[in-house]
Amino acid sequence: MNSVHLQLENVRKEFSRRIIFDKINFELTNGNSIAITGINGSGKSTLVKIIAGILSPTRGIVTLTVNGKEMKLEQYHNYIGFVAPYIQMYDEFSAYENLKFFARIRGMHFDAGYADQLLDRIVLYSRRNDAVRTYSSGMKQRLKYAFALLHKPEILIFDEPRANLDRHGIATVYSIMEENKPESVIILATNDEEDLSHVETIINLDELKEQQKSEKQMRSSARSKQPSTEVAK
Amino acid sequence: MLYIQQTAAVFIKDFKSELRTRYAINALVMFVITTLSIILFSIGGERVSPDVLAGMLWVVIFFSAMSGLSRSFVSEEERGTTMTLQLLAQPAIIYFGKLVFNLVLIFSINTLVVTLYLLLIPLFTVQTTSIFLLTLFLGSFGLACASTIIAAIIAKANSKGTLYPVLSFPILLPLLMTVMNATKLSLDGAPLSEAAGEFRVLVSYSVVLIAVSWVLFDYVWKD
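Order-wise, the sequence lines are chains A and B.
Using the working numbering, you'd call the opening residue of the first sequence number -14 and step up by one each time.
Using the working numbering, you'd call the opening residue of the second sequence number 51 and step up by one each time.
Treat each hint with caution, since some may be false.
Unchecked claim - Below are the DSSO-like pairs computed for lysine-lysine, each with C-alpha atoms no more than 27 Å apart in a straight line:
1. A:Lys137 <-> B:Lys272
2. B:Lys272 <-> A:Lys54
3. A:Lys125 <-> B:Lys66
4. A:Lys137 <-> A:Lys125
5. A:Lys57 <-> B:Lys272
These aren't lab readings, by the way, just hints derived from the structure by calculation.
Construct all of the structure, not just a fragment, from the sequences and the given hints.
See below:
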C-alpha cells in the first residue's frame, strides 16, 4: 500500500457568504482514523467533500501526498474510497455491471474475482446480476462499499456510514473499517456514538466554532483593554 | 492510451445506459417525426425555394439536438450520479466520453432526419453530394461540440429545459448560418471548391469549441 499524507491547512468554506466552518487544520497519515462530528448543517459532509476533491474550499489548502509526491486535485479520486447517502449507483445496471463500468472508467483492469469477493462480503453476491433499481435502500448502501473498495484506496471516507443499513450491514462496515485501519486513513462524518468508538480522533465542528468564537472575543476584549500609546504619553 | 480507454469506458457506459433507459433517443425520434410532419403539412403543394428548404432542414436538426443532447449531463444530475463520476475519473475524461456519446447520437439522428427529409420532400434535391455530406458531417460535429459543453453548464441550473436552447442559440448561430449557406450551395449544384470557405469556418468552430470546453470543463464540472 502507498504511503499517504493528507493535510488540511486553514480550510474555510462559505456558501453565499455564510461561513460553514473556518480554520480547519489537521493532518493524517496511514494508520490514522478521524471522525468529524457536529449538528446537522455544521458542515460535516461539506468537509469530507472538500477532502475528496469534490468541492473546493473558499480558503485554505488541502494537500494529498502519496509516496512523497504531491498529487494534483484531479488525481485524488485514485486514492479515495467514498461512501455517502448522496452518492448514487446506476439504477439501470446490475451491481456487477456497475462495478465493471467503475473499474473501466478508472482505467483499471476489472478483477472479476475481487469484485465477487466484495459482493460476497456485502451480501449482494446472489443478487449481483439484478438491476440496482430492484434493490432496497440498504442494499444500495452496501453496494456503495464495493464501489469505494474496488480500487483498493488508501483513504476511506464514510459519510453517515450506517445510513440505511441493518445490524449485519453495520457489522460488515465496522469490520471493513477495522481491517483497513492499520494501513489506511479512515475519515468518518457521523454523530453516532458507536461509529465514534472506531476512530482515534474526533473533530467536533460545533465545538471548534465555539472555540474560535471565544478566542476572537478574548482577542478583541484584550485589544479594547490595552491603553493606547497616545493616552499613555 | 489509458485516457482513450477511460474515455471509451464513459462512452460505453452512456451508450448502454441509453439503450436501457432511452432517455434521449425517444425524445429525439419523436421530435424529428413531429417536426417533419408539421413541415410537410405547412408546405403542402407549395413550391419552396432551396434556401428555405436548407434552412428548415437545419431548424429540425437544431431543435432535435436541443431536445436530446442535453440528456448526457442532465440525466446524471437528475439521477444523482454526477458525484459518482467525479469520484471515478478526471473531468477531461468525462467530457470527452460525453462528447463521443453526443457525436454518435447526433450522427445517428441526423442520418434519420436527412433520410426522411430526402424521402418526404421531393423538392429537396441535392446536386453536389460531396458538399452536402461534408456539411452534414462538420455541422453535426460542431453541434455536438457546442451542445456538450452547454449541457454540462445547464445541468446544474434549475430551469434546464428553457435555458438550453436559449444559451445554445447565440453560440450556435455562426455554425447554423454557415451550414445553411453550405447546404444551399449543395442544392444549387456549386462545385466543392466553392464551399471551401464554409468548411474552414466549420472546422475552426469545432476546434475552438473543443479547446475552450477542455479548459472550461474543470470549472463547470466541480462546484
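Against the structure, the hints:
no.	hint	verdict
1	A:Lys137 <-> B:Lys272	holds, 24 Å
2	B:Lys272 <-> A:Lys54	holds, 24 Å
3	A:Lys125 <-> B:Lys66	holds, 20 Å
4	A:Lys137 <-> A:Lys125	holds, 20 Å
5	A:Lys57 <-> B:Lys272	holds, 15 Å
Of the numbered hints given earlier, the model fails none.
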